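Please assemble the complex out of the two chains, which come individually in their own frames, going by the hints.
If you want the building blocks of each chain, they are given just below.
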Amino acid sequence: MRSIINYLKEIVFGVWSLMKGMKVTGSYFFRPGTIVTQKYPNNRKDLVMFDRFKGEVVMPHNEKNEHKCTGCGICEINCPNGSIEIISKSIVTEDGKKKRAIDKHIYRLGMCTFCALCVKTCPSNAIAFAQGFEHAVFNRALLIKTLNKPGSQLMKGVE
Amino acid sequence: MEEKVKNITTDEQQEYVINMGPQHPSTHGVLRLVVSLKGEIVKNVQPHIGYIHRGIEKMCESITYPQIIHLTDRMDYLSAHINNEAVCLSVEKALEVDIPDRVKVIRTIMSELTRIQSHQLWWASFGMDLGGLTCFFYGLRDREKILDIFEETCGSRMIVSYNCPGGLMYDIHPNFQKRVKDFIKYFRKILPEYDQLLTGNVIFHERSKGIGKLSLKDAISYGITGPSGRASGFSCDVRKHEPYSAYDRIIFKEILFTEGDTYHRYVARIEEMWESMNIIEQLIDNIPDGPFAVKMKPIIKLPEGEYYQRVETARGELGVYIISDGNKNPYRVKFRSPNFVNLSVLNQIASGFKIADLVAIGGSLDLVIPDIDR
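As you go down the protein sequences, you meet chains A and B in turn.
Everything in the first sequence is counted per the working numbering, starting at 168 for the first residue and increasing by one.
Everything in the second sequence is counted per the working numbering, starting at 1056 for the first residue and increasing by one.
One or more hints might be untrue.
One side of the interface only, derived from the structure: several residues of chain A facing chain B at Cβ under 10 Å [what the hints assert, rightly or not]:
1. Ser-170
2. Tyr-174
3. Ser-184
4. Lys-190
5. Asp-218
6. Arg-219
7. Thr-288
Some chain A residues judged to face chain B by a derived CB distance under 7 Å, without partners named [unchecked claim]:
8. Gly-188
9. Thr-192
10. Phe-217
11. Phe-220
12. Lys-221
13. Pro-247
14. Thr-280
Pair by pair, the computed Cβ-Cβ distance ranges are [said to hold, decoys possible]:
15. B/Thr-1313 / A/Tyr-174: 27 to 33 Å
16. A/Gly-222 / B/Ile-1245: 29 to 35 Å
17. B/Asn-1333 / A/Ala-297: 37 to 43 Å
18. A/Met-189 / B/Trp-1329: 44 to 50 Å
19. B/Leu-1195 / A/Gly-222: 18 to 24 Å
Note that these hints are calculated values from the structure, not bench results.
This one's a predicted model, so the numbers in the text were calculated from it and none came from an experiment.
Even glycine gets a Cβ: it sits at the ideal position worked out from N, Cα and C.
Only chain B is shown next, with the shape it has when bound in the complex (with noise of 0.2 Å):
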């Protein structure tokens, strides 16, 4: 990687190399993107990762199965519950265990309001990004809504840990029914509010439209999944295709365009948190009685073998492979994280627009940088 940032500056005077990052705001942590320039136009992004890789899937060989959930709430921290749910699956999985179907149905609520928080977050951050600072106030206002939720039941606001392989560490608070509905009786009212702020805005779809364009054949040879991909046409919704927990017994619709732009990528993560709150309300009544976590053994030992469970986040498509030699620790762990893959087409897609355009479209993208260096 080095030897190219090198070519660049020797072979071609002509371009201009700056450093955007590590810490520019609109990258959103410590990446660090090595842009070329032609006057305005963007020649070649080179994004510079690791600046804060902290091992952690070399940490997951040296602790047990129950352990390894934490780190992985400190992967992508915007949609840790589902991070937790993907190596519970996989441990259950590879067990074989029988899981209640109360505790599907109250990981899929999580999930999904999960979802509903982190584009929040990202609607607020993306409006910021484009000059509008009152999106991102709107947008943590009613995010705190959702983190109040979770710190009734689960104890933590963001980084939850409400997960453990055969179910759950806690019953729901007898309150969360109730918040969840009055939650979504308020959002309903809310989300038209944002398309009057940022969706219609005419600055927006100037700056928007057109921009970052990624055609449906480089969304699929890159592996781009979530929202972005989904932009693009590149139908790859987990939830869909290969129903965990509680998906399958529920009505909804993928979101998908088939333009690819960064409006359609904003787009999207707007419908689908409509969707998200649609599929809430099929659930929220009907949470089965039972109870909720199977009683597990106090050290979990994998049979012997490889365990792949693959679930959706709020970035696209989270991978969870396990070695096990039958020990309590891991011999392997190996997450494909979604904004990682994202990342990859950065250079692709920002290549030939105009450098304020490469904020735009590192916004629509939605990387959580944690995420990339794990």
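Same shape as in the complex, but just chain A (with noise of 0.2 Å):
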């Protein structure tokens, strides 16, 4: 007989407990006001991300067509996975000396593991994260980019 009484105690015990949690999710059922989810692509517009979000690593140049990188390679040497390559030239400065500075800033992203370290290290500030995170490309050599902009030049002042 207890057990009996035992078995028809759990079932209700059972029932209840199930009871318990549809009481949750039937809750959010009308409060609309806690959905949470992100209509993505047809916020496109008006998405804000993180001021620091690390999307993916820029030279920024001012409307001169000036940047600040010197060439110095310091970013190069603290990348650990080769994906930051520098080619510089030689070039006569007006007073006559010769100089090194940049040719190419060669950013591989499908590389990148987003570390910082290079953004951190450079010690003009010459190239700094952007916040954009639309990556995917159709050609794997999309994603081999050159950082500064055809024809800019060293900004004045930066050594």
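See below:
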């Protein structure tokens, strides 16, 4: 007799515990304010990423097409997986001295692990992180980027 | 290992050998379990690992100490910040650098946030393993709030790379404290919902109580750490026994149970989330002023010798062992990862139970496969 009572008790307790769970999910059904899903492709226009978000490495240029990169190669040394390569050239300055300057700052986005060591160690703050995150391309070669714009020059006063 | 598998198929024809994984959803990654069955009863479980072996320890030998940190993110990706901290602490121990109080407190808060988000994801996937799909959505919804905090301060969501030898990469974001307080307030209300959804559920009780019992003796001899070990009564919390960062100045209790079954491994993690929130609340208003990093040399060279530092990740004890020969690269790095050790006990505790229980037991051990393979 006792075993039958226990059996019935278990059934009642089981159904009760299931109802408790159902109450939680059911209550959300009537609280549409708690929905947190972002409708991503539709909200692209007003989607703002956090300003520290590490999307990709860029080299900011000013309006005169000048950058701050001196081509010292510290970012290349610090990169753990070789995603940065610096090709430098020697130029002659106005006062006749020979000087090393940057020819190409090559950045391989496909290899980058976003550890931020290059941006942190850059002595002249020439590179920074941008917030773009839609990096998918159809051709792998498009992931190899040249950060300095064609025809750009070193900003005056940066050594 | 192969010999043993062969023996099972030839000698004991009664047993039925199946492969669970590497693409089985309940192994949470590329882990292959060779299970030999008698009817529905599990007789033997042989884990086959190495599907995503990347040779992280070997890679560490050819890069500098600040560069190692981004690799440790990718071992146990759910407690990325704590892995970072382990390497930083051992490098700082070797160089005998005094770390500012601000760094210690911020590291502790971040570690506890990492622990909460890891347990949230574990709760979500554990519920899903046992057939409660709702848990998955609820767990990930709340985890999103912590990931937003990480994204604002560290710039990444999961693999944060926020530590560097000597301190932190950047200072905390001005919104950090407010966001963390908001999250604690929100999550204190939400966590009882987890209990209503899964902890009290009768189907969950039937599937977890008394399943996969791990005795205290076995837990110690196998070296099972973390919540899985503490559910068996093994007092192994590194935060308590060997405090690092700011853990020596806060009051918290170590969650200990004696039963050691799947249900109590579950409850231990739920209780840890409460405890982590207590830790954060003690620290969040008292972040001291000061620099966020010590100025280190551009090229860090450790003095010759051996250095070991252990920390408590969300899954157990992580040890970082560095041998230096005085160069800028380490001579050898060894990671004692908690998941590799926790996996070794699977055969011991799953034998004799049904194959459906193997999913529950594996889920309750909370394995992260990249940490096993490294």
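Which hints from the list above does the structure break, by number from lowest to highest?
-> 1, 2, 18
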